[in-house]
Structures are given as structure tokens and as C-alpha cells.
Amino acid sequence: MTRRLAIVVSTAPESGDLDAAFDLAHAARACGAEVAMFFMSDALAGLPARREELIALHDDGCEIGVCAASASALGLTEEDIGLPLGGQDDHASIVSRADRVISFT
Amino acid sequence: MLLVVVMATDRERVAEALRAAIGLGLRGDPACALLVGWSPRLEEDPRIARALGTLERLGRPARAATLAEAQAAARAARAVEVWTDPGSPRRLELGGAGGGAGGGGGGGGSLDPRAVDSRRLVEQIFEADAAVLW
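Taken in order, these protein sequences are the chains called A and B. With my numbering, the residue at position 79 of the first sequence is 69, and numbering never jumps. Residues are numbered in my numbering as their position in the second sequence, beginning at 1, plus a constant of 73.
Hint data in this document are derived by calculation from the structure and do not stem from the laboratory. In this text, all values refer to a predicted model and were calculated from it rather than measured experimentally. Possibly wrong hints are sitting among the right ones.
Partial list, derived from the structure: chain B residues whose beta carbon lies under 10 angstroms from chain A [said to hold, decoys possible]: (1) G96; (2) G101; (3) A122; (4) S161; (5) L165.
To give a feel for the contact side, a few chain B residues facing chain A, derived at Cβ under 8 angstroms [to be verified]: (6) L75; (7) L99; (8) L194; (9) I198; (10) L206.
A virtual CB, placed ideally from N, CA and C, is assigned to each residue, including glycine.
The task is simple: from the sequences and hints, build the whole structure.
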């Protein structure tokens, strides 16, 4: 049975958590796991610079949730992120369906 | 149980942690927020006061807890989000049979998630009975 890993990130990119989260997501995909990621709060500041990587993960089958309220607070749009924005309902859904949750919060 | 442990003292981070605690219950899962090292002065922030009020009205009020209480609750939770202040050190705690800190398994342990190979880390996370990033 395929295992599902959820990764939640809320910290600013300078924390290094965003790097660690993406590394973990790529490693989990390489191990054959399903991956879902949810980004909120200061983490979104690092997403425009990783736009192509985020889209590639999405195209690889990863579920990606990005908090619209956090994007709005930072003045970011869907175009900046490269994917549709969502909300806390995505957060709940992603965490609820995961076998393991790693939270960089 | 989905658990949010609020260890942050920065008001922005606390407000966001409580927003996450509200959000995690939106799909009907039991969700709980524990406030570690809580200062009542944080409730002077309207975002924090509003979020605490919302959690109370939802029937799942946040409550103050010691670190030991939060750690015990984390061991029983299905998923845990620990919200800390910027710059806080990270330790991944792996519980149960598969979670040996050194990769050897046997009884759980903790490790620095940036100090190990990511693929090995993924294996350890799934082998363990539980994984909490503190």
C-alpha cells in the first residue's frame, strides 16, 4: 500500500525549513510515497523563487495547498506561486489523509 | 487527534498557529491546541483573542500546558504541528519500533532532520510509529 506523507511549512525561507521540506518531498517521491504539501504564513515568501520546482512536484502527482490568506497578506498572486491558491480546508484535508505529517512550523 | 502545540511567543506566529488550529478541524477531525509557556499578555493581540474565542465557540478551547504535557499529548496524537519562534532548533522525534535515531531502529529517538540523508529520513519516518518535528 502506498504511504502518504504530508509536509506543512509555515516558517520564513531564511529558516532553512523550506529547503528541508522540498528535500524531504523529493526524497519521499523517490521512495515511492505519495506527497502532499501545505504552505501558509511566512513560508509563502519563498515560493515564487521555487515556482518551477513547485509546479514540477504538482505535475509529478504531489498535492499542493497554498493558503490564499497568507498570499494576500504578502501581496502574492496565483501567478507568483504558479498554482491555484487554497485555504485552511486544504490544510485540514492534507493532514487528515496522511499516514505521517512532518510540520515545519 | 490532530494536535497543535503552540510554543511560539512572537504574536504573529501565535496568531498563525491558532489559525492553523482552527483550520485543522474543518474536516471534522478532532483537533486540539495546547499553549506551552503561555503568557496572558498574548491575548491582548486582537487576532489571538479572536482565534481563542473561535476555538472556544467551536467547543475545542485551547488550553495552557507544560512541555511535558504537550509531549505526552503528542505521543498520543495522530498528527502534530509544533509552532515555534523563528530560529528555534529543530529535533525530529521518532516514536516506536522503527524510529532509532542512529538509523538502527529499536525504541524511537530523535535527530536533526537536516543532518541525515533525506531518503533515509523518509524511511525512518514511515518505519516509526509516530514522527513529531519539535
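Checked hints:
1. Because the closest C-beta pair between G96 of chain B and chain A is about 3 angstroms apart, less than 10 angstroms, the hint holds.
2. At a threshold of 10 angstroms, the smallest CB-CB gap from G101 of chain B to chain A is about 8 angstroms, leaving the interface hint in force.
3. The interface hint given for A122 of chain B is violated, since its Cβ lies 18 angstroms from the closest Cβ of chain A, which is over the 10 angstroms cut-off.
4. Proximity of S161 of chain B to chain A holds as hinted, the smallest CB-CB distance being about 9 angstroms (cut-off 10 angstroms).
5. Annotation: L165 of chain B was flagged as interfacial toward chain A, and the flag holds, the nearest CB pair being 8 angstroms apart, inside 10 angstroms.
6. Taking 8 angstroms as the C-beta cut-off, the interface hint given for L75 of chain B holds, the closest approach to chain A being about 6 angstroms.
7. The restraint placing L99 of chain B at the interface with chain A holds, with a minimum CB-CB distance near 4 angstroms, inside the 8 angstroms limit.
8. The beta carbon of L194 of chain B comes within 7 angstroms of a beta carbon in chain A, closer than 8 angstroms, and the hint placing it at the interface holds.
9. A cut of 8 angstroms between beta carbons decides the hint on I198 of chain B: the least distance to chain A is about 5 angstroms, and the hint holds.
10. Interface hint status for L206 of chain B: upheld, as the beta-carbon distance to the closest one in chain A is roughly 5 angstroms, under 8 angstroms.
In this structure, the one hint that does not hold is number 3.
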